[in-house]
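Add chain B to chain A, keeping to what the hints say.
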Amino acid sequence: ETGVTQSPTHLIKTRGQQVTLRCSSQSGHNTVSWYQQALGQGPQFIFQYYREEENGRGNFPPRFSGLQFPNYSSELNVNALELDDSALYLCASSLFRGTSSGNTIYFGEGSWLTVV
Amino acid sequence: DAKTTQPPSMDCAEGRAANLPCNHSTISGNEYVYWYRQIHSQGPQYIIHGLKNNETNEMASLIITEDRKSSTLILPHATLRDTAVYYCIVRIPGTYKYIFGTGTRLKVLA
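Those sequence lines, one after another, are chains A and B. Position 52 (the first sequence) corresponds to 52 in this note's numbering; numbering is contiguous. So this note's numbering is basically just the index in the second sequence, starting at one, shifted up by 116.
With the rest of the complex left out, here is chain A (with noise of 0.2 Å):
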C-alpha cells in the first residue's frame, strides 16, 4: 500500500464529454505528478503540481489540466474527450526535498477511462 488514493477506479465516457479523476496523496507528501498509461504501452507523463503550481508538464495538449490542492490532493481534468483518451491514468505523489537527491514517488492503483 502506497497510500495514495485515486477515483473513481473505472469510468466510461462519451467523446466530447469532459472527465475529472481524484487522487488522494500519500500523507506528507507535497507533490503530485500524473501518468497516462495506454493497454501495452510504459506510463506517459501529463504534468506535476509543486505546492498548488504546475512546474512541468509532459506533451500533453491544454485540453488536460489539473490542480492541486491546499491538503495536496489532486484532480486531473480532460476536456473534449476523444476515444485515444481511453487509457489507465495514474497518480503519484512524493516529498520533495531537493533536486540533488533521489526522491521516489509513489503510484496509486489508477483510474481506467473508457471513451465510446
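Keep in mind that the hints are not guaranteed to be accurate.
Dumping the calculated SDA-like pairs for lysine to any residue here, alpha-carbon to alpha-carbon at most 20 Å [as the list claims (entries may be wrong)]:
1. B/K213 with A/F64
2. B/K213 with A/K13
3. B/K168 with A/G56
4. B/K213 with A/A87
5. A/K13 with A/S73
6. B/K119 with B/S144
7. B/K213 with A/S94
8. B/K213 with A/A38
9. B/K119 with A/R57
10. B/K213 with A/Q26
11. B/K223 with A/A87
12. B/K119 with A/G56
13. B/K213 with A/S73
14. B/K213 with A/E53
15. B/K168 with A/N103
16. B/K119 with A/E54
17. B/K223 with A/Q26
18. B/K213 with A/N55
19. B/K223 with A/G40
20. B/K119 with A/Q37
21. B/K213 with A/N30
22. B/K213 with A/E54
23. B/K119 with A/N59
Simulated from the structure, these hints should not be mistaken for laboratory data.
Just chain B now, kept in the frame of chain A:
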C-alpha cells in the same frame, strides 16, 4: 532526456535469481536510475533506485556499472508473485518526470 533500453521479455525459474538488464547510455551525472514493477494493470510499485553505488533493500539489489551506462536489477529468489513488467527509469533532475519505456515482462515459471 536519457532513455533506457530493456529486453522485452524474460523467463526465470521459481527460486532462482532473476537478473534484469537495462541500458541507459545517455544518462547524465546527476540522474538517478529507478526500478518499478507493474503487476497486471495495477499501479507501478517502487522497487529500488541508485545513483552510482550498488544498492540493496528487502526486495532487490541494483548493480550499476562504473560508467553508469547500464544497470542490473537482481531479484535473488524469484517467486511466482514476481511475475510482472519491470521498468528501468531515469529521472529528469528537478522534476518527477519519469520516462518509462515498454519495460521487461518477467515471467517466473514454477
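Each hint, compared with the structure:
no. : hint               : verdict
1   : B/K213 with A/F64  : holds, 16 Å
2   : B/K213 with A/K13  : violated, 28 Å
3   : B/K168 with A/G56  : violated, 26 Å
4   : B/K213 with A/A87  : holds, 19 Å
5   : A/K13 with A/S73   : violated, 23 Å
6   : B/K119 with B/S144 : holds, 11 Å
7   : B/K213 with A/S94  : holds, 12 Å
8   : B/K213 with A/A38  : holds, 17 Å
9   : B/K119 with A/R57  : holds, 18 Å
10  : B/K213 with A/Q26  : holds, 18 Å
11  : B/K223 with A/A87  : violated, 24 Å
12  : B/K119 with A/G56  : holds, 18 Å
13  : B/K213 with A/S73  : holds, 19 Å
14  : B/K213 with A/E53  : holds, 15 Å
15  : B/K168 with A/N103 : holds, 15 Å
16  : B/K119 with A/E54  : violated, 24 Å
17  : B/K223 with A/Q26  : violated, 31 Å
18  : B/K213 with A/N55  : holds, 10 Å
19  : B/K223 with A/G40  : holds, 16 Å
20  : B/K119 with A/Q37  : holds, 18 Å
21  : B/K213 with A/N30  : holds, 15 Å
22  : B/K213 with A/E54  : holds, 12 Å
23  : B/K119 with A/N59  : holds, 16 Å
Consistency with the previously given hints fails for numbers 2, 3, 5, 11, 16 and 17, ordered from lowest to highest.
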